[in-house]
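Peer 1: Using the numbering used here, the first residue of the sequence shown is number 132, and each one after it goes up by one.
Calculated directly from the structure, the hints in this document are not laboratory data. Each residue gets a CB set at the ideal place from its N, CA and C atoms; glycine is no exception. You may find that some hints are simply not true.
Distance windows between CB atoms, simulated [unchecked claim]:
| id | residue 1 | residue 2 | range |
| --- | --- | --- | --- |
| 1 | 203 | 332 | 41 to 47 Å |
| 2 | 245 | 307 | 30 to 36 Å |
| 3 | 262 | 168 | 50 to 56 Å |
| 4 | 332 | 383 | 19 to 25 Å |
| 5 | 202 | 311 | 33 to 39 Å |
| 6 | 278 | 416 | 48 to 54 Å |
Taking lysine-lysine pairs in the DSS-like style, the calculated list, with each CA pair at most 27 Å apart, reads [as the list claims (entries may be wrong)]:
| id | residue 1 | residue 2 |
| --- | --- | --- |
| 7 | 243 | 416 |
| 8 | 243 | 401 |
| 9 | 194 | 351 |
| 10 | 416 | 194 |
| 11 | 351 | 243 |
| 12 | 318 | 243 |
| 13 | 172 | 351 |
| 14 | 351 | 288 |
| 15 | 288 | 243 |
| 16 | 172 | 194 |
| 17 | 318 | 351 |
| 18 | 288 | 194 |
| 19 | 194 | 243 |
| 20 | 172 | 416 |
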Amino acid sequence: MLVREQGSEGLARSRDGRPVYIPQPTTGASVNQLVLINRSKRPLLLLAGELVSGGKQDRVIGKDRIVPVGAPPLPLDVFCVEHGRWTGSAQFAAANTIVHPSVRERAAVDQKQTEVWDAVRSGTTTRAAPAAPPPQISAHSIQGAIAGNGRTEAYEKIYESRAVGVSIDDFVGEVQRRFVQATSGLKNERVVGVVVAYGGEVAWSDIFASGDLFDHYWRKLLRSYAVEALTRPSYRQAASHDNASEFLHRLNGRETQETEPGVYRWREIKEGQFAQIELDALQPKSITLHRLLLHRTS
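Make the full structure from the sequences, and use the hints.
Peer 2: If you want it as structure tokens, here you go:
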């Protein structure tokens with residue numbers, strides 16, 4: 132199911148972000164915190180699950196947030212996705228990667244480092260039904276990729292390794308071809324989000340404020356969804372449009388909020404096995420930049 136734009140043109144161009152410099156804290160090494168300096172001329176949008184590479188270990192962003200222009204050095208909560216290495220320079224760079232949903236869930240919702248590592252090395256964290264068809268990327272093949280990388284569990288090296296036994300790029304290319312075909316007939320509309328199903332289970336959605344913002348993230352998100360699909364059982368069932376529409380209902384559970392006045396508001400709602408995270412920009416007017424909704428695997 133595709134989610135189409137509704138009057139939010141132009142927002143992506145004001146928050147597309149430029150390369151940033153991300154040093155580790157000078158007061159001592161910490162796995163779960165970096166310091167970020169936005170040296171661009173535009174506000175920077177960060178999404179939970181985006182990978183920053185380098186330093187002593189690769190990390191992923193733990194929460195959606197906006198970093199304004201000229202902001203002082205910002206302590207940034209992160210999670211390591213490279214268990215086994217603690218060497219290298221103090222410099223980081225943004226990578227062209229978003230980790231797949233099982234890892235992203237552990238960072239963004241559970242916020243537990245050990246569970247992030249478990250999700251990296253196991254592929255999916257969903258529980259397969261008895262006698263479920265095997266995934267195309269098994270936990271065994273992931274362990275083979277880790278062993279072939281000197282047992283350094285670097286996320287990108289694992290899922291780009293030949294040892295996983297499947298070409299993720301071929302899978303991504305086929306899904307992208309079908310995506311282009313399905314959206315080619317849109318008139319005066321743009322895609323702003325997707326709802327993702329694995330077999331008959333609707334499990335995930337990423338929705339943005341504009342088509343430009345969606346386009347900026349789409350290829351990274353598509354690869355992340357593909358990795359998740361290949362590590363889950365290979366069911367032949369397909370979710371329906373009605374299943375997707377039902378999945379998008381707004382949650383009414385326990386809500387948590389964090390706000391930086393005049394910059395952004397982050398909120399999380401949990402209801403049963405579902406979690407919803409929204410990031411609102413507060414200037415020049417309040418608007419939801421990103422909405423994540425997921426069916427939790429834990």
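Peer 1: Each of the hints needs a verdict: does it hold here or not?
Peer 2: Taking the hints in turn, this is what the structure says about them:
Our hint of 41 to 47 Å for residue 203 and residue 332 holds, since their Cβ atoms are close to 44 Å apart. Distance hint check for residue 245 and residue 307: the Cβ-Cβ separation is about 34 Å, which falls inside the suggested range of 30 to 36 Å. Checked against the given bound of 50 to 56 Å, the beta carbons of residue 262 and residue 168, roughly 52 Å apart, stay inside it. The beta-carbon spacing between residue 332 and residue 383, approximately 22 Å, falls within the hinted interval of 19 to 25 Å.
With their beta carbons about 38 Å apart, residue 202 and residue 311 fall inside the hinted range of 33 to 39 Å. Distance hint check: the CB atoms of residue 278 and residue 416 are about 52 Å apart, consistent with the given range 48 to 54 Å. Annotation: proposed proximity of residue 243 to residue 416 is violated, straight-line Cα distance about 34 Å (limit 27 Å). Taking the CA atoms of residue 243 and residue 401, the gap is near 17 Å; set against the 27 Å cutoff, the hint holds.
With a CA separation close to 17 Å, the supplied pair residue 194 and residue 351 stays within the 27 Å bound. Taking the CA atoms of residue 416 and residue 194, the gap is near 22 Å; set against the 27 Å cutoff, the hint holds. A distance of roughly 23 Å separates the Cα atoms of residue 351 and residue 243; the hinted pair therefore holds under the 27 Å criterion. Among the hinted pairs, residue 318 with residue 243 is inconsistent with the structure: their alpha-carbon atoms are about 44 Å apart, more than 27 Å.
About 23 Å separates the Cα atoms of residue 172 and residue 351, which keeps this hinted pair within 27 Å; it holds. As the CA atoms of residue 351 and residue 288 are separated by approximately 16 Å, the hinted pair is consistent with the 27 Å bound. A distance of roughly 22 Å separates the Cα atoms of residue 288 and residue 243; the hinted pair therefore holds under the 27 Å criterion. Taking the CA atoms of residue 172 and residue 194, the gap is near 22 Å; set against the 27 Å cutoff, the hint holds.
Simply put, residue 318 and residue 351 have alpha-carbon atoms about 25 Å apart, close enough for the 27 Å limit, and the pair holds. The hinted pair formed by residue 288 and residue 194 meets the criterion: a straight-line CA distance of about 23 Å does not exceed 27 Å. Our distance criterion of 27 Å between C-alpha atoms is met by residue 194 and residue 243, whose separation comes to about 13 Å. Among the hinted pairs, residue 172 with residue 416 is consistent with the structure: their alpha-carbon atoms are about 19 Å apart, no more than 27 Å.
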